[in-house]
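Visitor: From just these sequences and the hints, can you work out the full model?
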Amino acid sequence: MNRKKFISNSLLSVSTAILTPTLAFSQSQEKEPKQLDLKLVKDFVVAGHSNLELVKEMLQEHPNLVYSPFDWGNGDYEEAIEGAGHLGNKEIANYLISKGARVSLFVLAMLGKTDLVIPTLEAYPELVFAKGPHGFTLLHHALIGESHDLADYLKEKGLRERMIKIR
1 MNRKKFISNS LLSVSTAILT PTLAFSQSQE KEPKQLDLKL VKDFVVAGHS
51 NLELVKEMLQ EHPNLVYSPF DWGNGDYEEA IEGAGHLGNK EIANYLISKG
101 ARVSLFVLAM LGKTDLVIPT LEAYPELVFA KGPHGFTLLH HALIGESHDL
151 ADYLKEKGLR ERMIKIR
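Under full-length UniProt numbering, the letters of the sequence shown match residues 1 to 167, in that order.
Treat the hints as calculated values from the structure; they're not laboratory data.
All of these numbers come straight from a predicted model, not from anything done at the bench.
Where a beta carbon is used, it is the ideal one built from N, C-alpha and C, also for glycine.
Pairs of lysine to aspartate or glutamate, EDC-like flavour, derived with a Cα cap of 16 Å:
id	residue 1	residue 2
1	LYS99	GLU61
2	LYS113	ASP152
3	LYS165	ASP76
4	LYS99	GLU57
5	LYS113	GLU91
6	LYS39	GLU61
7	LYS90	GLU53
8	LYS155	GLU126
9	LYS42	GLU57
10	LYS131	ASP71
11	LYS157	GLU122
12	LYS99	GLU53
13	LYS157	GLU126
14	LYS113	ASP149
15	LYS56	ASP43
Using C-beta positions, here's what the derived DEER-type ranges look like:
id	residue 1	residue 2	range
16	PRO69	ARG160	23 to 33 Å
17	SER50	GLU126	24 to 34 Å
18	ASP115	GLU32	40 to 50 Å
19	HIS62	LYS31	12 to 22 Å
20	GLY135	LYS34	25 to 35 Å
21	GLY100	ASN74	25 to 35 Å
22	GLU156	PRO33	43 to 53 Å
23	PRO33	TYR77	16 to 26 Å
24	TYR77	TYR124	17 to 27 Å
25	GLY73	LEU40	16 to 26 Å
26	GLU53	ARG102	20 to 30 Å
27	GLU57	PRO125	34 to 44 Å
28	ARG102	LYS31	17 to 27 Å
29	GLY100	THR120	18 to 28 Å
Guide: Pasting the structure below:
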């Protein structure tokens with residue numbers, strides 16, 4: 001191999017070594033999913049409070065909305081299932097659970113799942129006073145879901161408020 005060919009091959013090898021990772025990185029960046037539109041997320045969370053048909057329609061088109069929280073300000077995050085939870089809408093909550101929604105202690109309280117809520121509160125007693133979206137408490141969720149045994153339990157533990165301001 002002559003000197004000219006050696007230098008040419010060396011430069012080609014070095015260029016390839018430099019460009020390959022750069023090209024691979026730029027291509028992987030293009031494959032990242034786009035964030036969901038903020039208005040779409042807000043509309044879905046609002047629908048989750050009381051509009052089952054719209055929830056179904058929106059999930060059909062955008063299945064990952066089921067995981068998407070909206071920030072109402074000051075860190076007051078809410079998912080559609082939580083809206084159903086604090087309004088006592090069991091039908092929407094159960095539908096969203098069937099679609100993989102992340103269930104919180106508040107929604108379980110609204111659904112009357114005392115067999116899940118009470119052992120959790122026994123293990124973590126400080127959660128009795130936890131604040132859900134908009135500051136709604138477990139007592140609010142138990143009462144809106146007509147889970148009177150759970151409401152009595154929460155009152156025995158000292159919880160009296162249905163809402164605690166979070167803003």
